[in-house]
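A.B. asks: Could you put together the complete structure from these sequences and hints?
Counting in the numbering used here, the sequence shown runs from 2 upward without gaps.
Treat the hints with care, since some could be wrong.
List time: in silico DSBU-like cross-link candidates among lysine-lysine, alpha-carbon distance up to 30 Å [stated by the list, open to error]:
| id | residue 1 | residue 2 |
| --- | --- | --- |
| 1 | K108 | K9 |
| 2 | K9 | K136 |
| 3 | K136 | K108 |
| 4 | K9 | K118 |
| 5 | K108 | K152 |
| 6 | K152 | K6 |
| 7 | K35 | K108 |
| 8 | K6 | K118 |
| 9 | K6 | K136 |
| 10 | K118 | K136 |
| 11 | K118 | K108 |
| 12 | K152 | K9 |
| 13 | K108 | K6 |
Hints in this document: simulated from the structure, not taken from any laboratory. On a predicted model such as this, the values are computed, not experimentally measured, just so you know.
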Amino acid sequence: MVPQKRYKPHTSSDRRRYVDEVALEESIPFFMAKPEEQGISLADALHNRFARLDRRDEPMFIDRGPSISVRINWPGYQPWSRQIPTRDFRNPPGPITRAKLAKNVAKSVQRFIQEHKNRAMEEEGEEEWMVGPQKIDLFDLVLIRLDHVSKGSWQAQLQLARPLPLRR
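C.D. replies: Listed below in structure tokens is the structure:
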């Protein structure tokens with residue numbers, strides 16, 4: 002797994018308002034069938050390869066506002082978030098499906114990598130977790146689940162598709 006710190010609002014009043022006084026929901030897992038695997042490759046999600054995604058047409062965020070924040074606390078970089086829609090644009094509009102949610106998260110992770118590929122890591126950052134070309138890229142990652150971390154915020158739990166190469 003990508004070792005992320007769990008997102009927490011900055012102030013104690015925000016933590017109380019958005020975490021402590023909110024009933025956080027169960028995580029949203031992503032499983033593949035035939036063969037059974039945990040997680041969906043972000044490359045597959047980005048390219049609409051959902052044939053093996055378990056419960057791909059299940060509606061998500063049914064009684065919810067129009068968007069959520071996807072949060073990433075990638076090691077060595079500042080915490081990052083992006084709004085994604087929870088409604089689709091069909092007629093009549095309805096909640097997005099698990100497949101569409103996976104695609105939106107994949108696009109968010111792609112955006113995170115794009116924005117950080119040329120950025121220096123923070124001082125305590127470990128080089129093996131750098132993102133970008135010849136580093137960790139979208140095609141190296143699998144979406145395991147989304148964790149509800151505060152009101153309106155879900156943190157993407159990501160795993161490497163294969164172990165990091167040993168760098169010297």
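A.B. asks: With reference to the structure, classify each hint as holding or not holding.
C.D. replies: Each hint tested on the structure:
1. Restraint check for K108 and K9: satisfied, since their Cα atoms lie roughly 23 Å apart, inside the 30 Å limit.
2. Only pairs whose Cα atoms come within 30 Å are accepted, and K9 paired with K136 is accepted, the gap being roughly 28 Å.
3. Only pairs whose Cα atoms come within 30 Å are accepted, and K136 paired with K108 is accepted, the gap being roughly 18 Å.
4. Among the hinted pairs, K9 with K118 is consistent with the structure: their alpha-carbon atoms are about 25 Å apart, no more than 30 Å.
5. This hinted pair checks out: K108 and K152 have alpha carbons roughly 22 Å apart, not beyond 30 Å.
6. Straight-line distance between C-alpha atoms of K152 and K6 comes to about 17 Å, which keeps the hinted pair within the 30 Å bound.
7. Straight-line distance between C-alpha atoms of K35 and K108 comes to about 25 Å, which keeps the hinted pair within the 30 Å bound.
8. A C-alpha spacing of about 20 Å is found between K6 and K118, which places the hinted pair at or below 30 Å, so the restraint holds.
9. Restraint check for K6 and K136: the C-alpha separation of about 21 Å stays at or below 30 Å, so the hint holds.
10. Distance hint between K118 and K136 is fulfilled; the C-alpha atoms sit about 9 Å from each other, no more than 30 Å.
11. Our distance criterion of 30 Å between C-alpha atoms is met by K118 and K108, whose separation comes to about 15 Å.
12. Proposed proximity of K152 and K9 is supported: the alpha carbons are some 11 Å apart, at most 30 Å.
13. In summary, the hint linking K108 to K6 is supported, as the alpha carbons are separated by about 21 Å, within the 30 Å threshold.
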